[in-house]
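Q: Sequence:
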Amino acid sequence: MAAGFAPVYAERSLDDPALRATREAVELVLHGHEPYPALAVDRHWRLVSANRALGALLTGLAPELLQPPVNVLRLSLHPSGLAPRILNLAQWREHLLARLRHQVELTADPVLSTLLEELRGYPAPAPSGREHEPAGVVVPLCLETAAGPLSFFSTITVFGTPIDITLSELAIESFFPADPATAEALRQLSGQAGRLAT
Numbered sequence: 472m473a474a475g476f477a478p479v480y481a482e483r484s485l486d487d488p489a490l491r492a493t494r495e496a497v498e499l500v501l502h503g504h505e506p507y508p509a510l511a512v513d514r515h516w517r518l519v520s521a522n523r524a525l526g527a528l529l530t531g532l533a534p535e536l537l538q539p540p541v542n543v544l545r546l547s548l549h550p551s552g553l554a555p556r557i558l559n560l561a562q563w564r565e566h567l568l569a570r571l572r573h574q575v576e577l578t579a580d581p582v583l584s585t586l587l588e589e590l591r592g593y594p595a596p597a598p599s600g601r602e603h604e605p606a607g608v609v610v611p612l613c614l615e616t617a618a619g620p621l622s623f624f625s626t627i628t629v630f631g632t633p634i635d636i637t638l639s640e641l642a643i644e645s646f647f648p649a650d651p652a653t654a655e656a657l658r659q660l661s662g663q664a665g666r667l668a669t
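Residue numbers (this note's numbering): 472 to 669.
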């Protein structure tokens, strides 16, 4: 209540029965994107849900980073997370930090501000001077995996007309293969994938 007025938007848990149809829509998008990785995150980059294709890329990471609530930015940049596997870590790190910095500037959210400081404190590759160079039309995520090097670009999907705060702050990031070799490797991995806990 502000100045005696009820809040304009409700904030429910994603498990609330009123959000059942939207939760099902999120799961439909995630599963429909297989064999390519996709995940849903909340405003603090905590994993809400993910498809099996993402789980296949996370094998062998530090178990404590995979315990709910999983923060996907921490998982990406932590030295015991994906960071050692990211072939273009300097560029990808700069991209993620810039996205998070922009969110902090827009929202002044103290949780995001603390996360930004934590991520900045992680070991970073020596600057090459190329971190800010354009990478073509998108910044790729290039990963070394058991299936060989994989290259992705991503899109972000949000609800178009939310009147619930939870939905307005939910984002689905879908990763697409940036080359035919990645597409083929993901098709082969799809039978071996496991579900990631949320």
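For the record, the hints were derived by calculation from the structure and aren't laboratory data. Wrong hints could be hidden among the right ones.
[Said to hold, decoys possible] Cβ pair distances, simulated, as ranges: (1) Gly619 / Ser551: 30 to 38 Å; (2) Ala654 / Val500: 13 to 21 Å; (3) His515 / Ala652: 13 to 21 Å; (4) Tyr593 / Pro651: 13 to 21 Å; (5) Ala579 / Pro620: 32 to 40 Å; (6) His502 / Thr616: 15 to 23 Å; (7) Gln659 / Asp513: 28 to 36 Å; (8) Ala492 / Pro598: 17 to 25 Å; (9) Pro594 / Thr632: 37 to 45 Å; (10) Arg658 / Ala579: 19 to 27 Å; (11) Gln659 / Ala579: 42 to 50 Å; (12) Arg570 / Pro488: 18 to 26 Å.
Just so it is clear, the structure is predicted and the values come from calculations on it, not from any experiment. Glycine is no exception: its CB is placed at the ideal position from the N, C-alpha and C atoms.
Q: Give a verdict on every hint.
A: Hints, verified against the model:
1. Gly619 / Ser551: 30 to 38 Å: Roughly 22 Å apart at Cβ, these two residues miss the hinted range, so it is violated.
2. Ala654 / Val500: 13 to 21 Å: holds (19 Å)
3. His515 / Ala652: 13 to 21 Å: violated (34 Å)
4. Tyr593 / Pro651: 13 to 21 Å: Between Tyr593 and Pro651, where Cβ atoms are some 33 Å apart, the hint is violated.
5. Ala579 / Pro620: 32 to 40 Å: holds (39 Å)
6. His502 / Thr616: 15 to 23 Å: holds (21 Å)
7. Gln659 / Asp513: 28 to 36 Å: Since Gln659 and Asp513 have Cβ atoms about 32 Å apart, the given range 28 to 36 Å holds.
8. Ala492 / Pro598: 17 to 25 Å: violated (47 Å)
9. Pro594 / Thr632: 37 to 45 Å: For Pro594 and Thr632 the Cβ distance comes to about 42 Å; the hint holds.
10. Arg658 / Ala579: 19 to 27 Å: Because 43 Å falls outside the window, the suggested range is violated.
11. Gln659 / Ala579: 42 to 50 Å: holds (45 Å)
12. Arg570 / Pro488: 18 to 26 Å: violated (33 Å)
Going down the numbered hints, you'll see the structure goes against 1, 3, 4, 8, 10 and 12, while the others check out.
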